[in-house]
Amino acid sequence: MKMNGGRNVRPGGGKDMEGDMSSPTSLTETRHSSPVPRRDAKPKLAVYWTGSCGGCDVSFLEVGEAIVEVLSRVEIVFWPALVDAKRSDLEALPPGSIDVALINGVIRTEENAEMAKLLRAKSKYIVAYGACAHLGGVPSLADRWGKEEIFREVFGKGFRPGPPPGANGEAALPDLLDAAVPLEDVVRVDYVVPGCPPPAPLISRFFGALLGGEMPEPPHVFANVKALCEECQRVRHDDRRIERIVRPHEVLPDPETCLLEQGLICMGPVTRGGCNALCPAAGMPCTGCLGPTPEAGDPGTAMLSALASLVRFEDEGEEYFPKEDGVLEALADPLGTFYMYSFGRFRRKR
Amino acid sequence: MKKLFIDPITRLEGHGRILLILDDDGKLKDAYLQIPELKGFELFCRGRRGEEMPQITERICGVCPEAHHLASAKCLDACYGAEVPGPARIQRELFYNVYIFSDHLLHLIFLGGPDLLLGADAEKAKRNILGVLEAYPEFGKKVVRVRAGAQKILEMIGGKAIHPVFALPGGVAKPLSEEDRAAVEEKAKAMVELAQDLVELFHEKILPDPSFQGFLLAEELNFPTHYMGLVDEEMAPNFYDGALRIVSAEGKEIYHGSAADALELLDEHVETWTYVKFPYLKEFGWMGLEPGPNSGIYRVGPLARLNVAERMATPMAQEEYERYLDFFEGKPVHSTFAYHWARLVELVQAAEAVMALSREPALTGEDVRGKLGEPGEGVGVIEAARGTLFHHYVLDTDGIVTYANMIVATTHNAAGIGLSVKAMAKHLAEDGVWDETLLNRVEMAFRAYDPCLACATHFLPGEMPLSVEIYGSDGKLKKRIMR
Numbered sequence: 001m002k003m004n005g006g007r008n009v010r011p012g013g014g015k016d017m018e019g020d021m022s023s024p025t026s027l028t029e030t031r032h033s034s035p036v037p038r039r040d041a042k043p044k045l046a047v048y049w050t051g052s053c054g055g056c057d058v059s060f061l062e063v064g065e066a067i068v069e070v071l072s073r074v075e076i077v078f079w080p081a082l083v084d085a086k087r088s089d090l091e092a093l094p095p096g097s098i099d100v101a102l103i104n105g106v107i108r109t110e111e112n113a114e115m116a117k118l119l120r121a122k123s124k125y126i127v128a129y130g131a132c133a134h135l136g137g138v139p140s141l142a143d144r145w146g147k148e149e150i151f152r153e154v155f156g157k158g159f160r161p162g163p164p165p166g167a168n169g170e171a172a173l174p175d176l177l178d179a180a181v182p183l184e185d186v187v188r189v190d191y192v193v194p195g196c197p198p199p200a201p202l203i204s205r206f207f208g209a210l211l212g213g214e215m216p217e218p219p220h221v222f223a224n225v226k227a228l229c230e231e232c233q234r235v236r237h238d239d240r241r242i243e244r245i246v247r248p249h250e251v252l253p254d255p256e257t258c259l260l261e262q263g264l265i266c267m268g269p270v271t272r273g274g275c276n277a278l279c280p281a282a283g284m285p286c287t288g289c290l291g292p293t294p295e296a297g298d299p300g301t302a303m304l305s306a307l308a309s310l311v312r313f314e315d316e317g318e319e320y321f322p323k324e325d326g327v328l329e330a331l332a333d334p335l336g337t338f339y340m341y342s343f344g345r346f347r348r349k350r
Numbered sequence: 001m002k003k004l005f006i007d008p009i010t011r012l013e014g015h016g017r018i019l020l021i022l023d024d025d026g027k028l029k030d031a032y033l034q035i036p037e038l039k040g041f042e043l044f045c046r047g048r049r050g051e052e053m054p055q056i057t058e059r060i061c062g063v064c065p066e067a068h069h070l071a072s073a074k075c076l077d078a079c080y081g082a083e084v085p086g087p088a089r090i091q092r093e094l095f096y097n098v099y100i101f102s103d104h105l106l107h108l109i110f111l112g113g114p115d116l117l118l119g120a121d122a123e124k125a126k127r128n129i130l131g132v133l134e135a136y137p138e139f140g141k142k143v144v145r146v147r148a149g150a151q152k153i154l155e156m157i158g159g160k161a162i163h164p165v166f167a168l169p170g171g172v173a174k175p176l177s178e179e180d181r182a183a184v185e186e187k188a189k190a191m192v193e194l195a196q197d198l199v200e201l202f203h204e205k206i207l208p209d210p211s212f213q214g215f216l217l218a219e220e221l222n223f224p225t226h227y228m229g230l231v232d233e234e235m236a237p238n239f240y241d242g243a244l245r246i247v248s249a250e251g252k253e254i255y256h257g258s259a260a261d262a263l264e265l266l267d268e269h270v271e272t273w274t275y276v277k278f279p280y281l282k283e284f285g286w287m288g289l290e291p292g293p294n295s296g297i298y299r300v301g302p303l304a305r306l307n308v309a310e311r312m313a314t315p316m317a318q319e320e321y322e323r324y325l326d327f328f329e330g331k332p333v334h335s336t337f338a339y340h341w342a343r344l345v346e347l348v349q350a351a352e353a354v355m356a357l358s359r360e361p362a363l364t365g366e367d368v369r370g371k372l373g374e375p376g377e378g379v380g381v382i383e384a385a386r387g388t389l390f391h392h393y394v395l396d397t398d399g400i401v402t403y404a405n406m407i408v409a410t411t412h413n414a415a416g417i418g419l420s421v422k423a424m425a426k427h428l429a430e431d432g433v434w435d436e437t438l439l440n441r442v443e444m445a446f447r448a449y450d451p452c453l454a455c456a457t458h459f460l461p462g463e464m465p466l467s468v469e470i471y472g473s474d475g476k477l478k479k480r481i482m483r
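From first to last, the protein sequence lines are chains C and W. 279 is the number that our numbering gives to position 279 of the first sequence; each next residue is one higher, with no gaps. 385 is the number that our numbering gives to position 385 of the second sequence; each next residue is one higher, with no gaps.
Accuracy of the hints is not assured; some may be wrong.
Claimed, not checked - Okay, the calculated beta carbon distance ranges per label pair:
1) W:A190 to C:F159: 47 to 57 Å
2) C:I76 to W:P293: 25 to 35 Å
3) C:R312 to W:E233: 49 to 59 Å
Hints were generated in silico from the structure; no laboratory data involved. Quick reminder that beta carbons are idealized off the backbone N, C-alpha and C, glycines included.
Using the sequences provided together with the hints, build the complete structure.
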């Protein structure tokens, strides 16, 4: 399904845009001042959620008392959870009158898409906040199927959303789109604060740049370019080889050693850092919520090639993987493992 | 239906959407609370590795991911026929009671708090978290501090506070260090102390308020339904585990037994104007959105748990439970506003439980993984802050999910919430006043349930985004009230 021909509009692209702003395409991190105001003026902020679980909104509290300072230094123009604002108020605003709009959640309904477009038209910068807006997130795992199959599975045959008895179409339930897609599929995205939900250090990094008047030139992802492994406290060995792939419930891993070396599929090598490797520190493999590094590109192909160089094949003695296909088989669910947060983004690219 | 928040802005322009239908005489005929979000978790969980389910299903709700995380882990324990070893079980139970405490605290002080602490008719601009902090500065700060400590424990054990990662079939990711245990115990002291303060505050400031008593006893908000919840062997509420008990609208026991088997007693009714399904007790059948002893509608959550229990599990909570029952002159309590008081009683039990569990010697044990059998079918049941939560999976021989169904707390309560909204609207409609007062009162009626949709949109200063639309007997929109 193509929503508006905007498939190629994504961070790193910055082309094919709607809206009114100039089209910066550089990937370098040169600082620029306009149109986000410097510290003397309060940036005008909008926050909105599309198909979200609520975790992104709650995540603002994770930065602790700092959120109170942030709120005092911005002007909230539109944030339905926070201030009294109607869609008609938003529609009445001149184009570009919002400096930065943070949107979290996947685009799952027609209404989600309409609101994203409306915010795009009114905002200088759009921020995809969290894994759903960034890459489709967990809900985009549904994209193996269409909306009819979701309706059939959840409600049974013949379900059609409509109004309640005694009311007309205005009261109808919003229909689903045929797929759950990332924000970049419906509007141009300038910045990304990634994560499921974004971890506190990255939220601080974003607000620090915004309030300090030092926003990098878009497109920009507020996370490390380097892989998660770079910040992971676990010890790696240069001659590491995986003899068998194990699943997290099958072993109690050694607390000090790299999880991948112990045969667990940890997405660390292909995933951006920035969270301080929380999951590996907790004894669980990284599942990739910050999205792939620029170098990795597609997380599935990148991870497969990382694995191929790590596993020990039978011609090397220890016979475990007779051939590369055996690696895929041992994974059991490559789609859910490699694309847990990014199926909506990468499904048509593979 | 897996998504429990009302999207704050509807396609039209509204927010949370309540639809009121009038008859020919302009009287209220029906009221509907519409939930416009659907993700299809039941479908896309298929094909996933079973052990990933605690991390996938918690994305149903970012406000109470802890509940999904552990309901899923318990479901997997059942699928693998695993016995969870003591240290893992205590870690989970401790984590879970911290979550209940933290979630109930958030609601009591900052979400439902403005209704309770500032009064139903407080100035609009003050009816929020900032208004509470202004009216109760010292206490408010203490609440923020203690809750931050609780969140720290969730992160310590869960790996991440929002969307934790620690639970696995048969156990948890890793043992808890003595250093972390000691930190938990330290924070637990502050939690128990705050629970005591809250009880005092409730009896000094909230309960004596005539308008609160008015709501507690209001005829239109006292409608009978059946009730469901988990109880331990002593018949006290248990949030993490236990047998399921269902009592009727008259207080008679309908079921007391295996929580997993209770799934057989339920069916789900589908309406095409909302993405939420309405579960009901098969024995009574679906009779539409009607309360009463003959309807299949039941409620879950704090009110329900205190109705199905015979006592509380800890001493301070027991004391408060007795005061609660004295006030209402026994069970079952049907008052919608009693949800708030019941939440307080539970918060006290959770704080005391955290303290006791943090001192369990086995908590820091190394044995955190139980032996797993062959994968198969299983059901996991837990009490989320908002009520009973069922996860039901079938795994194939490779441990891959082939079937998944989840019945979540706000879904069980969807019918009850609809009834409360309708009752409140009907009551107000008699005065023929369709204005902001209506909005506030209707909102209070459903916020009592602490539905995810309310807490998610109300955690920071501000008003609950909400619209009420009134449709005439011709089906056309007559009026929209919103803010």
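Hint check results:
Roughly 49 Å separates the CB atoms of A190 (chain W) and F159 (chain C), a value that falls within the hinted 47 to 57 Å. For the pair I76 (chain C) and P293 (chain W), the supplied restraint of 25 to 35 Å is violated, since their beta-carbon distance comes to about 48 Å. About 51 Å separates the C-beta atoms of R312 (chain C) and E233 (chain W), a value consistent with the hinted range of 49 to 59 Å.
In the structure shown, a violation is registered for the earlier hint numbered 2 alone.
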